[in-house]
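Below, each chain spelled out in residue letters.
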Amino acid sequence: MSTSSYLVQNAAVLGGEPTDLLLRDGVVAEVGTGLAADGAEVVDATGLVALPGLVDLHTHLREPGREDAETVESGTQAAALGGFTAVHAMANTEPVADTAGVVEQVWRLGREAGHCDVYPVGAVTVGLQGERLAELGAMADSAARVRVFSDDGKCVSDAVLMRRALEYVKAFDGVVAQHAQEPRLTEGAQMNEGELSGRLGLTGWPAVAEEAVIARDCLLAEHVGSRLHVCHVSTAGSVQIVREAKARGVDVTAEACPHHLILTDELAATYDPIYKVNPPLRTRADVEALRAGLADGTIDIVATDHAPHPHEDKDCEWAAAAFGMLGLETALSIVQETMVDAGLLDWAGVAERMSYAPARIGRVADHGQPLEVGAPANVVLYDPSVRRTVDPARSASLSRNTPYRGMELPGRVVATFLRGRPTVLAGALV
Amino acid sequence: MKRHLLSAADLSRDDAELVLQTAAELRSLADRPIKKLPALRGRTVVNLFFEDSTRTRISFEAAAKRLSADVINFSAKGSSLSKGESLKDTALTLEAMGADAVVVRHGASGAPHRLAHSGWVRSSVVNAGDGTHEHPTQALLDAFTLSRHLGRGKAGSLDGRRVAIVGDVLHSRVARSNALLLATLGAEVTLVAPPTLLPVGVDTWPVETSYDLDAVIPKADAVMMLRVQRERMNGGFFPTPREYSRRYGLDGRRMATLQEHTIVMHPGPMVRGMEISADVADSDRSVIVEQVTNGVAVRMAVLYLLLGGAQPGGEE
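Which chain is which? The protein sequence lines are A and B, in order.
Under my numbering, think of the first position of the first sequence as 1, with each following residue one higher.
Under my numbering, think of the first position of the second sequence as 1001, with each following residue one higher.
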């Protein structure tokens, strides 16, 4: 890698007054106005917002096993284009990331790709089967230094197993990220349970199936004094349960996904499985509650749940289709649309929800730090003033299952720097 | 009429009455020695059945043949749900064969909707039953049967007539389509089921609901019994088949509480002894066999109108 340095000129750091940032030797070397280029390559950031590199706590990179849907290479390219400098790769690969060997493989693939840092998530239970704990300590001690454990895609529904997992990961400051879905209440579930599911004849996924598990897990975490992270909160009731648990002092954090901040279950009436996701799209009232929860800090972070699927797994009837949608390249735009432009969050709030907090939860030391002298030079430059129409064909992902096809969204990532090295410049991969 | 018939909600009152009036004209054919019209000569109707349903398939087949259409039966058991050929590839195959109408039965709710709106085929799509969603031609034949027995004035009007639909509403495509269509035609529909077999949000449907069969049927002009599928019996929706029969089955004792003119309907196939007793099914009130006859006439009308005829028999 070249050791060239970059002078970012006139960037609105966290939306503030125009400032120059000198990125050199992998760190933010100087911050101020009118900084001398001094041999550094100049990047004109006039009109752009500078944010710390985004950190995604919930990404499906599909490798190993489903390289037809995504690879670490393509997924991290999509991440860089979305302004991310770190992603957490979920464990539901084939084979499952439930051993030190698999997490080290994913970690190594991320380093070789070099588009953003990849932090593997370890499975909580062997094979995601929900029967016995995987070797959590071995994954924590591996080169991948796993701190986030999740059976995402499946719920750790057994109360004893969940309790033990919460307790066990305390030994290495880990966190269990729960996919909250009561399995018996959601057998064959296809979409949000409500008036529409009854009319469309699609099996309902009731809000209570999420809320009951979150309530139980908050009580368990409180009881054993562990920290808990709740994946993809999707209902108003869940927001309220997390809010009350936090008020009691429970060490719980929660995430919301971009699609749950903008899309509603009405879209299922098209029977187009591009809108099929788990947990499902909910009602307008749920969307409003999630936005309010994200604004007041009840929801700590935005996480993408980027879930690539090959075309044939979506180009079929609803019930046969796979759950999930792309998210990395549109996340920041959707947060701008639903939170910033709506006056619910400022850019400092976006930095907290999409960089600082996810890095804290994942115990990632090299990311999620304020853009100050000495901090790692992980930076995203974002133009909030433009609008663009989402074209799936232009995605770096190997998959095309974006629900935003043809939708006009605000903002565009202009540049992303990973430890001072550009991964994206002028809106294109370097 | 719209180009496809996917849901009973696609039919305005005018549309529905047109189908029923057309069916009434076509039904007289059934009593003639030569049961055939040239109306759809040269047109191709494909029966695309991903689920077994001999009754519905032969009904559509008879309807298309009586209109002189060419009929291709495509039984594609093993949809993409079971990793066979995908719905899309099957659709592309049919398109290549030049189908003018595709009659589709599928286990997945919304599959006909996908077929009609995905750009895979250009032909008209008729929903012949999709998952737990809808079965609009069944509702049309039920409405036709109701109007022949209870009709007021012009064909199709069911204004003020009370229809009780009894049984597993939750999983019933027949109930969904009937609730929509019969309400469109002015009937007052009451869905009767144990609370576990009523869908969430049924309070927003254009119907009444009740858990008490005995309270509803003495006021009904028609009682439509729904089949309880065997796989539901052990699903925890109700304690035992016997308890279900006692509370929601139509037997001789309950039949005695019906009004003189009240008819008994069933979309078939029946589970005798479960939701309906043999003496009720075979009684004079039962119009179950007539429903089958009417099914052919109604499906003829649907195919005729979708494939763009002006008046039956007016061509050639």
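Treat the hints as calculated values from the structure; they're not laboratory data.
Please note that a few of the clues may not be correct.
20 Å max Cα-Cα, derived DMTMM-like pairs, lysine to aspartate or glutamate [stated by the list, open to error]:
#1 B:K1088 <-> A:E312
#2 B:K1219 <-> B:E1260
#3 B:K1088 <-> A:E187
#4 A:K154 <-> A:E187
Now the stretches of chain B that chain A is said to cover, found in silico as 3 or more residues with beta-carbon under 8 Å [unchecked claim]:
#5 1012-1018
#6 1125-1138
Heads up, the beta-carbon is just placed ideally off N, CA and C, and yes, glycines get one too.
Verification of the supplied hints:
1. A hinted pair counts as satisfied when its Cα atoms are at most 20 Å apart, and B:K1088 with A:E312 qualifies at roughly 9 Å.
2. Between B:K1219 and B:E1260, the direct Cα distance comes to roughly 11 Å. Compliance with the 20 Å bound is thereby established for this hinted pair.
3. About 26 Å separates the Cα atoms of B:K1088 and A:E187, which puts this hinted pair outside 20 Å; it is violated.
4. At most 20 Å may separate the alpha-carbon atoms for a hinted pair to count; A:K154 and A:E187 meet this at roughly 12 Å.
5. Counting residues of the stretch 1012-1018 of chain B whose C-beta sits closer than 8 Å to any C-beta of chain A gives 0, which falls short of three, so the coverage hint is violated.
6. Interface restraint, the stretch 1125-1138 of chain B with chain A: holds (5 residues with C-beta to C-beta distance below 8 Å; minimum three).
The structure fails to meet hints 3 and 5 from the earlier list, while all remaining hints are met.
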